[in-house]
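Protein chains in written order, with our numbering: chain A, 15 to 127; chain B, 701 to 811.
Errors might be hidden in some of the hints.
Some chain A residues well away from chain B (every beta-carbon gap over 12 Å; in silico) [claimed, not checked]: (1) V66; (2) K67; (3) S89.
Mimicking DSS-like on lysine-lysine, the simulated pairs with C-alpha atoms at most 25 Å apart in a straight line are [to be verified]: (4) A:K84 with A:K71; (5) A:K69 with B:K810; (6) B:K798 with A:K27.
These are computed hints drawn from the structure, not numbers from a lab. Note that the structure is predicted; figures quoted are calculated from it, not measured. The beta-carbon is built from N, C-alpha and C at its ideal position, and this holds for glycine as well.
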Amino acid sequence: DVKVTQSSRYLVKRTGEKVFLECVQDMDHENMFWYRQDPGLGLRLIYFSYDVKMKEKGDIPEGYSVSREKKERFSLILESASTNQTSMYLCASIPGLATYEQYFGPGTRLTVT
Amino acid sequence: QKEVEQNSGPLSVPEGAIASLNCTYSDRGSQSFFWYRQYSGKSPELIMSIYSNGDKEDGRFTAQLNKASQYVSLLIRDSQPSDSATYLCAVRNTGGFKTIFGAGTRLFVKA
Numbered sequence: 015d016v017k018v019t020q021s022s023r024y025l026v027k028r029t030g031e032k033v034f035l036e037c038v039q040d041m042d043h044e045n046m047f048w049y050r051q052d053p054g055l056g057l058r059l060i061y062f063s064y065d066v067k068m069k070e071k072g073d074i075p076e077g078y079s080v081s082r083e084k085k086e087r088f089s090l091i092l093e094s095a096s097t098n099q100t101s102m103y104l105c106a107s108i109p110g111l112a113t114y115e116q117y118f119g120p121g122t123r124l125t126v127t
Numbered sequence: 701q702k703e704v705e706q707n708s709g710p711l712s713v714p715e716g717a718i719a720s721l722n723c724t725y726s727d728r729g730s731q732s733f734f735w736y737r738q739y740s741g742k743s744p745e746l747i748m749s750i751y752s753n754g755d756k757e758d759g760r761f762t763a764q765l766n767k768a769s770q771y772v773s774l775l776i777r778d779s780q781p782s783d784s785a786t787y788l789c790a791v792r793n794t795g796g797f798k799t800i801f802g803a804g805t806r807l808f809v810k811a
């Protein structure tokens, strides 16, 4: 059974803080993704990674960076948090083949005040 | 034009009825299609995947795909109050891992 875990379910940070969101998957998946989900906008891709130390920008990478030092772990970094980054953040992973569905983590509800 | 479009709803159906959820997509190169269910405050979970034209049935759920019309739908038979959730349509193109999600349709099943 695939498991994707995220470091926090709820997080409250102040404007300007550096924020780390961690995601770990236990099924040896090559591909990992970070999304944010906002009402009316659906899931929007921030960054994805198809291998260790590899990363690709998604649709809304501004204000974010990522790190993938180990295959099972994909971190999302908000260098200087802003109020417009208040959102639900979802991590997902898939194996190597494009037809597989994404497995999502439980999500992190981030509030920036 | 959005890449994946869904009616935001809410769609309200009585218990026991058929709920019909629709989705259109713009990329003709799309090859993989998914329906996810998302309860409030939870992450999406896969309901159905479909890759070729026609119908695919799994229990009370049927996914329908028409690539010529760039249209995919989900039918839920014998709808239950526990089916009340937001349903996300997702589309992935050939050779890619990037998945485009619709904004979702909220479904209410009234007991």
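For this session: Hint by hint, work out which the structure violates, then give me just those numbers in ascending order.
Result: 5, 6
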